[in-house]
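K.L.:
Here is what each chain is made of, one letter per residue.
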Amino acid sequence: MQLLRKFRGANNEGSLALILLVVVLGMSLLNPVFFSVNTAFSILRAATVPMILALAVLLVIISGGIDVSFPVVAIGSAYTAVTICLKTGFDPGLPAIFGMAIVIGGLLGLVNGFVIAKFRLPTLIVTLGTQGIFFGAMLVYVGTRYYPTLPDSMAALSAVNVVELTTSAGRAYLHVLVLLSIAIALIIWAVLKYTMFGRSLYAIGGDAEGARRAGIRVVRTQLWIYVLVGMVAAIGGVAYVVMSRSANPQDLVGGELDIIAAVVLGGASIFGGRGSVLGTVLGVLLIQVINNSLLLVGVPSAWLRAAVGLLLILGVGAQAVSARRSAQRIHTVDTGEAVRLELEKVS
Amino acid sequence: MSSTTAPATQLADATGPAPVLSARHISKRFGGVQALDDVSLDLIPGEVHCLAGENGCGKSTLIKMISGAERPDSGEIEVDGIVHTRMNTTSAIQSGIQVIYQDFSLFGNLTVAENIVLTSAVAAKRKLYRVKDAREKAQAIVDELQLDLDLNADVENLSVADRQLTAICRALVSDARVIIMDEPTTALTHSEVEHLFTVVERLRARGVALVFVSHKLQEVLAISQRLTIMRSGRVVISGPSADFDRRSIARHMTGSDVEESRRVPDFDQTATPALEVRGLTLPGAFRDVSFQVGKGEILGVTGLLGSGRTELAESVFGVLPAKSGTIAIDGKPVRVRNIQDAVAAGIGYVPEDRLTQGLFLEKPIADNIIAASFNEHRNRWKLLDRKRIWGTITHFFDQLKIHAPHPNRAVRTLSGGNAQRVVLAKWLATDPKVLILNGPTVGVDVGSKAQILDLLRIQAERGMAVVIISDDVNELVACCHRVLVVAHGQITHELVADQVTEDSIQESMAV
Numbered sequence: 001m002q003l004l005r006k007f008r009g010a011n012n013e014g015s016l017a018l019i020l021l022v023v024v025l026g027m028s029l030l031n032p033v034f035f036s037v038n039t040a041f042s043i044l045r046a047a048t049v050p051m052i053l054a055l056a057v058l059l060v061i062i063s064g065g066i067d068v069s070f071p072v073v074a075i076g077s078a079y080t081a082v083t084i085c086l087k088t089g090f091d092p093g094l095p096a097i098f099g100m101a102i103v104i105g106g107l108l109g110l111v112n113g114f115v116i117a118k119f120r121l122p123t124l125i126v127t128l129g130t131q132g133i134f135f136g137a138m139l140v141y142v143g144t145r146y147y148p149t150l151p152d153s154m155a156a157l158s159a160v161n162v163v164e165l166t167t168s169a170g171r172a173y174l175h176v177l178v179l180l181s182i183a184i185a186l187i188i189w190a191v192l193k194y195t196m197f198g199r200s201l202y203a204i205g206g207d208a209e210g211a212r213r214a215g216i217r218v219v220r221t222q223l224w225i226y227v228l229v230g231m232v233a234a235i236g237g238v239a240y241v242v243m244s245r246s247a248n249p250q251d252l253v254g255g256e257l258d259i260i261a262a263v264v265l266g267g268a269s270i271f272g273g274r275g276s277v278l279g280t281v282l283g284v285l286l287i288q289v290i291n292n293s294l295l296l297v298g299v300p301s302a303w304l305r306a307a308v309g310l311l312l313i314l315g316v317g318a319q320a321v322s323a324r325r326s327a328q329r330i331h332t333v334d335t336g337e338a339v340r341l342e343l344e345k346v347s
Numbered sequence: 001m002s003s004t005t006a007p008a009t010q011l012a013d014a015t016g017p018a019p020v021l022s023a024r025h026i027s028k029r030f031g032g033v034q035a036l037d038d039v040s041l042d043l044i045p046g047e048v049h050c051l052a053g054e055n056g057c058g059k060s061t062l063i064k065m066i067s068g069a070e071r072p073d074s075g076e077i078e079v080d081g082i083v084h085t086r087m088n089t090t091s092a093i094q095s096g097i098q099v100i101y102q103d104f105s106l107f108g109n110l111t112v113a114e115n116i117v118l119t120s121a122v123a124a125k126r127k128l129y130r131v132k133d134a135r136e137k138a139q140a141i142v143d144e145l146q147l148d149l150d151l152n153a154d155v156e157n158l159s160v161a162d163r164q165l166t167a168i169c170r171a172l173v174s175d176a177r178v179i180i181m182d183e184p185t186t187a188l189t190h191s192e193v194e195h196l197f198t199v200v201e202r203l204r205a206r207g208v209a210l211v212f213v214s215h216k217l218q219e220v221l222a223i224s225q226r227l228t229i230m231r232s233g234r235v236v237i238s239g240p241s242a243d244f245d246r247r248s249i250a251r252h253m254t255g256s257d258v259e260e261s262r263r264v265p266d267f268d269q270t271a272t273p274a275l276e277v278r279g280l281t282l283p284g285a286f287r288d289v290s291f292q293v294g295k296g297e298i299l300g301v302t303g304l305l306g307s308g309r310t311e312l313a314e315s316v317f318g319v320l321p322a323k324s325g326t327i328a329i330d331g332k333p334v335r336v337r338n339i340q341d342a343v344a345a346g347i348g349y350v351p352e353d354r355l356t357q358g359l360f361l362e363k364p365i366a367d368n369i370i371a372a373s374f375n376e377h378r379n380r381w382k383l384l385d386r387k388r389i390w391g392t393i394t395h396f397f398d399q400l401k402i403h404a405p406h407p408n409r410a411v412r413t414l415s416g417g418n419a420q421r422v423v424l425a426k427w428l429a430t431d432p433k434v435l436i437l438n439g440p441t442v443g444v445d446v447g448s449k450a451q452i453l454d455l456l457r458i459q460a461e462r463g464m465a466v467v468i469i470s471d472d473v474n475e476l477v478a479c480c481h482r483v484l485v486v487a488h489g490q491i492t493h494e495l496v497a498d499q500v501t502e503d504s505i506q507e508s509m510a511v
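These protein sequence lines are chains A and B, in that order.
Each residue of the first sequence is one higher than the last, beginning at 1 in our numbering.
Each residue of the second sequence is one higher than the last, beginning at 1 in our numbering.
Be aware that a few hints might be false.
[What the hints assert, rightly or not] Short derived list, chain B residues pointing at chain A, Cβ under 7 Å:
hint: 1; residue: Gln102
hint: 2; residue: Ser105
hint: 3; residue: Gly108
hint: 4; residue: Asn109
hint: 5; residue: Arg126
hint: 6; residue: Lys127
hint: 7; residue: Leu128
hint: 8; residue: Tyr129
hint: 9; residue: Leu145
No lab work stands behind these hints, which were simulated from the structure alone.
Computed from a predicted structure; not experimentally measured.
Beta carbons are placed, not taken as given, at the ideal position from N, Cα and C, and that holds for glycine.
Given these sequences and hints, build the entire structure.
P.N.:
Here it is as structure tokens:
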């Protein structure tokens with residue numbers, strides 16, 4: 001029992017891993033083509049950008065807030081950086097383009113954080129508002145044009161693979177940016193686990209007033225959260241532009257709910273205070289695997305969204321039910337006879 | 001010790017140890033209210049100093065001054081010879097002052113170890129966090145106090161008593177030398193209170209100065225060495241606890257003698273019981289419980305926390321419907337499958353935690369009073385009848401003596417005693433046949449408590465059956481015809497009439 005609980009993990013990561021495994025095995029049985037390195041690589045590739053964005057959102061959700069402006073921030077910063085390069089005809093190189101996008105993303109995040117922390121407004125409302133403002137401002141001031149070709153340094157990165165294999169099913173490529181998403185996952189994991197900033201996020205998400213009483217500078221931490229989210233989202237945006245080999249200002253926007261769904265599916269509590277990098281990674285992978293496998297099994301793509309929705313309700317519902325169960329356990333009598341009865345019932 | 005008003009300073013005996021903290025001549029105004037008027041307080045290492053007084057007497061304000069949450073208008077606070085004209089929360093914590101609030105300010109989503117360590121790590125401006133260090137540090141404190149706490153458990157899964165111990169450990173990790181506890185015993189049962197007191201003794205041995213803010217007079221006398229009583233923002237009297245008894249404390253707190261003796265109205269014992277419960281069972285909580293309450297009878301139910309007493313009440317009220325057994329109202333069997341059934345049958349329930357379960361805190365008092373009785377306030381078009389609503393509200397305002405500037409004020413602004421009256425009014429407005437009250441005077445001051453018990457006596461005289469679930473032995477003795485003692489989900493004792501005394505109740509509760 002103890003072992004089982006440990007396996008399940010604090011945020012149901014274990015159950016999620018199990019579901020992922022079952023889905024993979026089930027799909028492989030239904031369609032042997034599914035079980036291949038090619039599929040694995042293409043799922044990892046498809047998961048890269050959602051992963052980066054989901055990790056950004058995870059930070060806000062742990063702190064008890066929500067950010068729906070991150071897709072606009074992501075595409076906005078990347079598109080702006082690309083536009084600047086193309087308009088000036090000067091390619092400053094990859095690190096500088098990433099840097100430029102990160103600065104823009106950070107500034108946009110600062111706007112979010114400032115409004116939220118300064119005026120103590122609900123995070124959903126503020127980011128809904130800024131989402132529109134950022135998007136509109138980008139279209140007006142940066143442009144609406146679709147760029148089919150990227151600056152040379154980015155275009156070059158588009159074609160870089162870390163692993164290239166020839167399998168029976170053809171050639172399989174693992175894109176280099178997959179490594180970027182893994183690196184970001186590791187960094188955010190370490191930040192959450194080993195820094196006071198990370199622990200403050202959990203504390204604020206658990207009880208903001210309590211965090212204030214404990215001496216945590218809640219307002220400043222909140223400001224940093226949104227800046228950080230903007231910066232990570234910008235990295236995701238650049239990765240997206242690189243992988244799609246073009247820059248379209250309309251992309252990504254509207255996909256925020258899928259990303260948030262992945263994070264919540266990964267065990268993060270929408271009320272704050274709970275969530276883990278491992279859970280988020282599994283949540284993103286599960287959604288990608290299902291997307292991919294349903295197509296392979298021949299389910300019409302229209303059903304994909306329904307499947308993700310169903311998964312979300314089932315996943316979160318299961319967690320809520322198990323939480324209610326354990327709450328009931330606490331509620332019952334803790335002494336003598338009753339416990340014995342309870343134990344008998346369980347065993 | 002004479003009962004003069006507001007002695008300017010009550011310094012410790014010249015021979016005794018120097019105070020670790022002295023608050024001197026603190027005054028504070030909030031708008032037109034003088035919340036504190038020239039208040040002074042000395043805290044001696046190794047002493048428990050109890051701060052008593054009715055709601056709104058200024059004790060919470062004084063604590064806010066000491067902990068730096070509010071600034072005094074005038075006066076100073078001296079800690080270890082350093083004089084502060086005002087504290088802020090950080091400097092208070094650095095000076096070793098820790099407040100344990102009633103809600104403990106713990107993080108339910110974090111582990112015990114992390115809760116214990118977090119505050120001190122923040123105060124030390126640490127950048128990195130190490131799980132292992134935290135565990136070791138927390139373990140050291142837990143061992144020192146000889147506690148049985150699971151450091152890896154999430155705090156939200158702990159009992160109230162364990163949360164409190166976690167909060168105490170947290171205070172100690174920050175090298176607290178002054179620990180202020182707000183109503184530390186309110187949510188604890190007898191054995192838990194006793195355990196807390198042994199921990200308090202260990203804290204005293206460490207030389208920590210403790211401040212207890214409490215309404216429970218008995219415990220005040222049992223644990224404290226020094227007692228300060230406040231009223232209307234002033235210190236009424238301060239001195240060694242040995243100089244006081246319950247009566248004199250109550251007198252100083254209220255400014256008049258409080259009637260606390262046993263007084264039970266007569267009722268017709270031959271009439272059909274208003275509530276009759278037969279063989280009620282809820283697996284895991286209680287089983288085969290049978291009892292009855294007559295019209296006009298006040299029945300007390302007591303037992304340790306976790307004995308099943310709250311679950312029993314919640315079953316009768318349909319919150320946790322029982323698996324088997326029967327409930328009859330006025331001799332007619334009723335099925336209670338949910339709260340609506342119970343309300344329709346004429347059962348009212350004032351829950352244990354009125355703030356989260358009994359009130360809409362942000363809503364006006366008026367809305368709260370009629371929240372359970374919309375049906376009684378409809379006109380013939382099934383719309384709410386404003387005139388009748390207003391009648392009900394003014395009626396209960398007068399009858400229950402709710403002190404509030406206006407019925408449109410949010411309930412949040414009320415003191416504990418007044419908030420409890422609003423909950424009471426809500427149920428009285430439904431005109432229930434049976435009213436069950438869980439901890440009706442928890443967190444309520446002595447004066448209000450006596451008034452609330454009086455209100456219950458009046459309701460009983462009018463024929464209502466009243467069930468009081470309480471830890472407060474004194475209150476059970478004061479107004480209950482009979483007392484049932486619950487343990488391990490069963491009724492173990494029934495004390496009738498003259499058997500209802502403080503000693504007999506405590507004896508039968510001892511397991």
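K.L.:
Hint by hint, say whether it matches the structure.
P.N.:
Verification of the supplied hints:
1. Gln102: The hint is violated - glutamine 102 of chain B has no Cβ within 7 Å of chain A, the shortest such distance being about 12 Å.
2. Ser105: With a closest approach of 4 Å, the serine 105 of chain B hint holds.
3. Gly108: 6 Å, holds
4. Asn109: With a minimum Cβ separation of about 4 Å from chain A (threshold 7 Å), the hint on asparagine 109 of chain B holds.
5. Arg126: 5 Å, holds
6. Lys127: Because about 6 Å separates lysine 127 of chain B from the closest Cβ in chain A, which is inside the 7 Å limit, the hint holds.
7. Leu128: 6 Å, holds
8. Tyr129: 5 Å, holds
9. Leu145: 20 Å, violated
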